[in-house]
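> Given next are the chains, with one letter for each unit.
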Amino acid sequence: MMGVGVAATMAAFLLALSLAAITIAGRRSAPSIIYGLSGAACVVLALAAIIALATRAEATSLTVPIGLPWLGAHLVQDALSAVFLALLGIGGAMASFYAIGYGRHEHEPQRVLPFFPGFLGAMTLVVLAGDAFTFLLSWEIMSLLSWALVLAHHRDEGSRSAGYLYLVMAGFGTMVLLLAFGLMAGAQGSYEFAAIRAVERSPGIAALVFGLMVVGAGSKAGLVPLHVWLPVAHPAAPSHVSALMSGVMTKVAVYGFIRVAFDLAGPVEWWMSPIIIVIGVATAVMGILFAIMDDDGKRILAYSTIENIGVIFAALGLALAFQANGMHALAALAMTAALLHAMNHMMFKSLLFMVMGAVLNATGRRDLDGLGGLIHRMPVTAFLALVGVTAISALPPLNGFVSEWLLFQTVLQSPQLPQPALQFMVPAAGGLLALAAALAAACFVRFYGVAFLGRARSGDVAGAIETDRWSLGAMAALAALCVLAGILPGYLIDLIAPAVDIIVGARILPQGGNAWLTLVPVADVRSSYSGFLVMVFVAVTGSAVAWLVHRLASQRLRRGPAWDCGFPNADPITQYGGGSFAQPIRRVMASVLAAHETVTMPPPGDPGPARHTAGVEDLAWSRLYLPLASAVTGTTIRLNALQFLTIRRYLGLVFASLILLLVGLAIWN
Amino acid sequence: MELIWNLLLQGAQMMVVLALAPGLTGLVRKVKSRLTRRRGAPILQPYRDLARLLRKEVVLADNASWLFRVSPYMIFAATWVAAALVPTFAIGLQFSWTADLIAIVALLGSVRFFLALAGMDIGTSFGGIGSSREMMIGAIAEPAMLLTMFSVALVAGTTQLSYVVEFMASGEVGIRVSLGMALIALIIVAIAENARIPVDNPSTHLELTMVHEAMVLEYSGRHLAMIELAAMLKLHLYVALIGCIFSPWGIAPNDSGPGELLAGFVFFLGKLAAGGILLAVFETSIAKMRVFRVPDLLGAALMLGLLGTLLLFVSRSL
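Chains as they are written, first to last, in this note's numbering: chain A, 1 to 669; chain B, 1 to 318.
Hints listed in this document are in silico derivations from the structure and should not be mistaken for laboratory results.
All C-beta atoms in this analysis are idealised placements derived from N, C-alpha and C, irrespective of residue type, glycine included.
Some hints here could point you the wrong way.
Example chain B residues on the side facing chain A (calculated, C-beta under 7 angstroms, incomplete) [unchecked claim]: (1) Tyr73; (2) Trp80; (3) Ser110.
Here are some chain B residues pointing at chain A (derived, C-beta under 7 angstroms) [as the list claims (entries may be wrong)]: (4) Met120; (5) Phe126; (6) Thr309; (7) Leu311.
Whole structure, please, built from the sequences with the hints as guidance.
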C-alpha cells in the first residue's frame with residue numbers, strides 16, 4: 001500500500017499541477033513554481049522507489065474507482081515498476097530543476113508549462129498501471145501531452161511537420177497496443193494484469209501478441225524501421241522536454257515491452273529472440289551511423305537515442321533467448337545489462353540534451369558547423385559535456401561502459417544456448433554491437449570536437465556566456481551520477497536485482513560486497529572489472545606523472561600561433577567541420593547509408609567555383625514510408641467520390657454492405 | 001609480508017613495461033635501418049629523445065584549452081595502466097583482475113577518444129584530418145579486436161587474461177584453426193592501432209596520408225614526450241598481448257619464486273625482441289596503403305575474427 005500510494009499520489013499531484021498551470025502560466029513566477037513543484041514530486045517519486053527497492057518491498061496494489069465502472073483503475077507497484085519509477089523520478093527531477101533556469105528563456109511559457117507536469121504524471125501512471133485500460137489511457141495521455149510539447153514552438157515549420165509525423169506514429173502505436181492487449185484479454189477476459197497473467201494462451205496468440213508489442217512499444221522507443229519520427233520530434237521540443245522524451249519516455253516504452261513480453265504474455269518460444277536481437281542490433285548500428293552523418297546537435301543526440309534503444313533491445317533479446325531455454329541465471333545477466341543500460345542512458349542522454357539546450361540558449365544555434373570553441377566561452381558546460389560524451393561512448397571508467405561490458409559478457413555465454421541458429425547469430429551480433437560502440441565514440445568525438453573545441457565558426461559563438469546556476473546544477477548532478485554509476489556499479493546492480501528476479505526468476509551474484517568494488521557477474525575465473533580501481537589507477541598515475549614532470553623536468557611554457565605544419569590559416573572555415581569529419585566513415589559505410597557524393601567542376605577556363613555536395617538517405621523513409629503515404633493519399637482521394645452520391649446510391653451501399661456482412665457470417669458459421 | 005611482495009611484483013610489472021617500451025621502439029627502428037642498409041640510430045635513442053623532449057619548453061598554440069594540456073597525461077596514464085594489466089613475465093599479479101580483455105580494449109578506446117579530441121582542440125585542418133581518420137580506423141579495428149578476443153575467450157572460457165594465459169600454457173588447447181585466424185586478425189589490428197606501415201607511417205611528416213602524426217602535430221616538449229611514450233607503450237602492449245596469448249611459454253605461474261620470475265623475464269625479453277624484429281621485417285617488405293584501402297584490410301581482420309568464432313562452434317558440434 002505504502003509504495004504504490006506514494007507513487008499514485010505523486011502522479012495525481014503532477015496531473016493536478018498541469019491543470020493549475022493553465023491558470024497561472026501567464027505569471028512571471030509561474031515557471032519557477034511549476035518546475036519546482038514538479039521537481040519536488042519527482043524527487044519524492046525517486047526516493048520512494050529506491051527505498052522500496054532497497055528494502056525489497058513486496059508488490060503493493062491500489063484500486064481507484066475511476067475509469068471503466070466495472071473495472072476501476074488498478075495500480076500496482078512491484079520491483080520492475082519501482083526500477084522504472086526511480087529512473088523516471090531522477091530524470092524528471094533533473095529536467096525540472098534544469099528548466100527552472102532554462103525555462104526563463106522560453107518565449108511562450110504557456111505552451112510548455114501546462115503540459116510538462118502532466119507528461120511526467122502520465123508516464124508515472126503507465127509504469128504503475130495494473131490493468132490494460134489504465135495502461136492504454138495513460139499511454140495515450142503521455143503521447144498527446146508530449147505531442148503538445150513538441151509543438152511548443154509551433155511557429156516553426158519544422159516543428160509543425162515533426163508534430164504531425166509524431167501524432168500519426170503515436171496513434172498507430174497505441175492502436176497496435178490496443179490490439180495486443182485485446183488479444184491478451186481474450187473474448188471474455190478481464191483487463192486486469194493479474195487475470196491476463198493467469199490466462200492460458202495458444203502459442204499462435206502469444207506470438208501475435210509478442211509481434212504487436214514489438215511494433216507498438218518499438219514505435220515509441222524508436223526501433224528501426226519505426227524510428228523515423230524520433231529524430232525530428234525529440235529535437236523539436238524545448239531541450240528539457242527533449243531530455244525527458246529521449247531519456248525517460250523511450251524507457252517507458254521499454255518498460256511496456258518488458259512487462260508484456262516477459263510477464264504478461266506468458267512463456268515465449270526461443271525463435272522470437274533472434275527477431276529481437278536482429279532488430280536491436282540493426283537499430284543500434286543504423287542509429288549511430290545516422291548520428292555521425294547529421295549536422296544538427298540535437299538531432300545527433302536523438303539518433304544516438306535510437307542506437308542506445310537498439311542496445312537495450314539486443315540485451316532484451318538475449319534475455320529472451322536464455323529465458324526460453326530455461327537458463328534463468330544467464331537471462332538475469334542479460335536483463336541486468338538491459339535495465340542498467342536503460343538507467344545509464346537516462347543519465348547521459350538527459351545530460352547531453354541539457355548541454356545542447358544551454359548551447360542553444362547561449363548561441364542561438366544548434367548546427368555543429370556554426371559552433372566551435374565553446375570550451376573557452378562556456379567552461380563548466382564544456383566540462384560536464386565531456387563527462388557526458390565519455391559516458392555515452394561506452395568508455396571506462398564511466399557508466400556507459402559497465403552496461404556494455406555486461407552485455408559482452410552475456411554474448412560470451414552464448415555457446416551454452418542449444419539452438420545452432422542462436423549460437424551462430426549471437427557472436428555476430430556481439431561484433432556489430434562492438435561496431436556500434438566504436439562508432440558511438442567516433443560520433444561523439446565529432447560532436448564534442450566540432451561544437452566545443454577548435455575555433456568559433458560563427459559570430460554567435462563569440463558572444464556566448466556560461467549558462468545559469470540551476471541548469472549547471474542539474475547537469476552537474478547528472479554528470480556526477482554518470483561517474484558514480486561507473487565506479488560503483490555493484491550497488492546499482494544490487495538495487496535493480498529484485499526487478500530482474502521477478503521478471504526472469506533469477507538474479508546475478510550480489511555485487512555490493514565484492515573487494516575493491518569489482519564486478520564479478522558470473523565467476524571470478526571468467527571475468528571481472530573494477531571501474532573504481534581503473535579510475536584510481538589512471539587518476540593517480542596521471543597526476544603523479546604530471547607532478548613529477550613539472551617538478552623534475554621542465555615547466556616552461558610559451559604561447560604562440562598554431563604550428564599547423566607551417567601553414568596556419570586564420571580563417572576558422574579551414575577547420576574540420578561536421579561534414580568533413582564524417583567523410584571517412586561516410587565513404588566506408590556508403591552502401592549502408594545510401595550515401596551520395598558529387599563534385600561539379602566548372603569547364604576549363606571558367607573561373608566559377610567547383611561544388612561538392614554529399615549526403616545520406618534514410619532508406620526506411622524513401623522505401624517504406626513515402627510509398628505508404630502516397631498509397632494512403634491516393635486511396636483517400638479516390639474514396640472522396642463517396643461524398644457526392646445521391647440518396648439512392650447511399651441506400652444501395654448500405655444494403656450491399658449488409659448483404660456482404662450476412663454472407664460473411666453465413667460462411668463463418 | 002605476502003601482500004608487500006605482491007604489491008612489489010605489481011609495481012615491478014609497471015616499471016618493466018615502462019622501461020622496456022622505448023627500447024622496443026628503438027629496436028624496431030634499428031632493425032628497419034639495417035634492413036635498408038643504413039646504420040641507424042642506437043637502440044637507446046628513443047630514451048634520449050624522450051629525455052630531451054621532457055627538458056624542452058612547451059610551445060602552446062594561442063587558443064589551446066585545458067583539455068589540450070591535460071590530455072597527454074591522461075593518455076599516458078591510461079595507456080600505462082592498460083599495458084601494465086597485460087601479463088609480461090608473470091600472471092596472477094595483485095591487480096590483474098582489475099580489468100579483463102574487454103576492459104583493456106575499451107581502455108585503449110578511451111585513449112584514442114582523448115587523443116582525437118586533443119587533435120581537434122587547436123582547430124587546424126591537420127588535427128581534424130588525423131582525428132577523423134583515426135576514429136574511422138578505430139571504428140573498424142575495435143570490433144575486429146573484440147571479435148578476436150571473443151574467439152580467444154570462447155576457447156579459454158574466460159576473458160580474464162591471467163586465466164587465459166594459464167589455459168593456453170596448459171597444453172589442453174592443441175592447434176586450432178580458429179586461433180590461427182584470431183592471431184592473424186589480432187596482428188592486423190595491432191598494425192593499424194599502432195600506426196605502422198601499411199596503415200600509417202610513423203616516420204613521416206607533411207604527407208596527406210598520415211593519421212597519428214597529424215593528430216599530434218601541435219604537441220611539443222613534455223606533452224609530446226608523454227604522447228610518444230604512450231605510443232611506445234601501446235606497441236609494447238600489443239606485442240606483450242600477442243606474446244602472452246599465442247606463445248604463453250615461460251611466463252611465471254601464480255605464486256612463483258624469484259627463479260621462475262627471472263626465467264619469465266628472460267623469456268619475455270626474447271619474445272619482445274622477436275616481436276620487434278618480425279614487425280621491422282614486415283614493415284620493410286610492404287608499401288604504405290592508400291587511406292581508403294585500410295578499411296578493406298581491417299574488414300578482413302573483422303571477418304577473420306568472426307569466422308574464427310563461428311568455426312569454434314562448428315568444430316565443437318562435430
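> So which of those numbered hints doesn't the model satisfy?
7
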